[in-house]
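Each chain, letter by letter, is given below.
2 protein chains.
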Amino acid sequence: MTFASKLATAQQTNNSWLCVGLDPVMERLPKAVLASDNPLLTFGRAIVEATIDLVSIYKPNLGFWLAEGPTGLRALQTLITEIPDHLPVILDAKFNDIGNTAAAYARAAFETLGVDAVTANPYLGVDALRPFLAEESHGVFLLARTSNPSAPNLQDKSVDGYPLYETVARLATQWNAENPGDCGLVVGATYPEELERLREIAPDLPFLIPGIGAQGGNLEAAVIHGPAANGLGPVINSSRGIIFASQGPDFADAARTAALTLRDRINQFRETAK
Amino acid sequence: MTFASKLATAQQTNNSWLCVGLDPVMERLPKAVLASDNPLLTFGRAIVEATIDLVSIYKPNLGFWLAEGPTGLRALQTLITEIPDHLPVILDAKFNDIGNTAAAYARAAFETLGVDAVTANPYLGVDALRPFLAEESHGVFLLARTSNPSAPNLQDKSVDGYPLYETVARLATQWNAENPGDCGLVVGATYPEELERLREIAPDLPFLIPGIGAQGGNLEAAVIHGPAANGLGPVINSSRGIIFASQGPDFADAARTAALTLRDRINQFRETAK
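Just so you know, the protein sequences line up as chains G and R, in that order.
Just add 382 to the spot in the first sequence (first one is 1) and you have the working numbering.
Just add 382 to the spot in the second sequence (first one is 1) and you have the working numbering.
Certain hints may be false.
To be verified - Label pairs and their calculated CB-CB ranges:
(1) P585/G - E464/R: 49 to 55 Å
(2) E464/R - T395/G: 45 to 51 Å
(3) A417/R - Y544/G: 38 to 44 Å
It is worth saying that the hints were derived from the structure and are not from the lab.
All values derive from a computational prediction rather than experimental measurement.
Backbone N, C-alpha and C fix where the C-beta goes; we use that ideal spot for every residue, glycine too.
Chain G on its own, in the form it takes in the complex (with noise of 0.2 Å):
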């Protein structure tokens, strides 16, 4: 099965474009989380156990289980093995690296980790992001334009009267075309016209769209834009107001209220638009 046909179906399922994003952080969680023997994993058994029929797709970024070492990648990798196999795992890991190296990162996601995509950065160019392409089962998200406030600083800079990330966008089209892969965008949600226009330069391509709850960015716009023209809808992600809603011992149930709503006002967007 494809990457892209695995997460269609999972969106079906559980009629859901929502992923959450799995990115604890030791000092937010909640304290009878933190008594645990392994804080990590109960908490995110606690956050996958209470939204499991609300997503679509769970996107752990590796930062936060590598801050805690050894112990918090061995949390993540328990944690993925647990998650039934009709969920999508993303891991947000912006790879980026050449030759051997991309390969023992890709051993590392799919293999070690065992997830079902990832995420890159495009600096390094296409051979870069090659053994992330090679089998269609896996599914690589390339960063275009990300939802921090100095993206301009690179992303905007003109390239043949082009913002560089639209090259970006179309280089990924290209190098999807190239590899028997699934090759999707990373949009930031805080952008909605850019996030149109990559629609615009990429209509088959799946897109991640980040920067929804905390950081603030357009729903409304991600809804629109976001699907790829064979249907297959967005990867919209919320990490924060998820997972953090509230911090206290009722944790799970405000994560449950968090996803329900989200997923919600997603599915209302999408009435709207029909």
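Guided by the hints, dock chain R onto chain G, whose structure is given.
Positioned in the frame of chain G, the structure of chain R alone reads:
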């Protein structure tokens, strides 16, 4: 002590601009090493022991350790604690993430793993770099021109009449001035003209120069254009050419011989360039 001054002292102590890349690949480890309890750690220890008086810095690439999961990360963490304090360590992880995620990666590198410097990708702009630039005891080497065949896909795109990697170098000099950090550039030795040009644009920044050895980079160009205006020598990295000089039981001796040969070749070019 700043990162740059620590590096300068190590360069003087060992009369060396050599960096050995600690990039183990399980399939390529000698049989005797594979038979040990912890092959990655055994191998890393043997390479460090064999080269410790010949280098000014070590550069483990995170990918190779991450490929072996929590065990690999633990081995890297242990190995770093065993490298003597007077020799700096760069974690080659090409970090690129935003806000609190960048802060988590900085914690992973500087606290959890305890390295002195990291590599980072400039595509997300300066806010993604601030957690790495925040303390002058830590260095950050930004990818400018990488050493792989598809580097031109984006890095050579023309921005205001100059290739994109020159824009990165100009931004890096601004970002270095803005932050009390030690911001350097990664410039592949496989492109000697670009190396010369980048040194003109960024005379004050430390250079990390990969691509020597297996990748066939131009060592003379690295020596001539590598030093910063203040005399700080470049970090000239070789990985496979040293650590896999032999895959037999003599691998450590062979690594020492390869490191000694490369250090001396660098020093001969330094003499000639005087």
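Hint by hint, here is what the structure shows:
1. The hinted window of 49 to 55 Å between P585/G and E464/R holds, with their beta carbons roughly 53 Å apart.
2. About 49 Å separates the C-beta atoms of E464/R and T395/G, a value consistent with the hinted range of 45 to 51 Å.
3. Range check, A417/R to Y544/G: about 56 Å between beta-carbon atoms, so the 38 to 44 Å window is missed.
In this structure, the one hint that does not hold is number 3.
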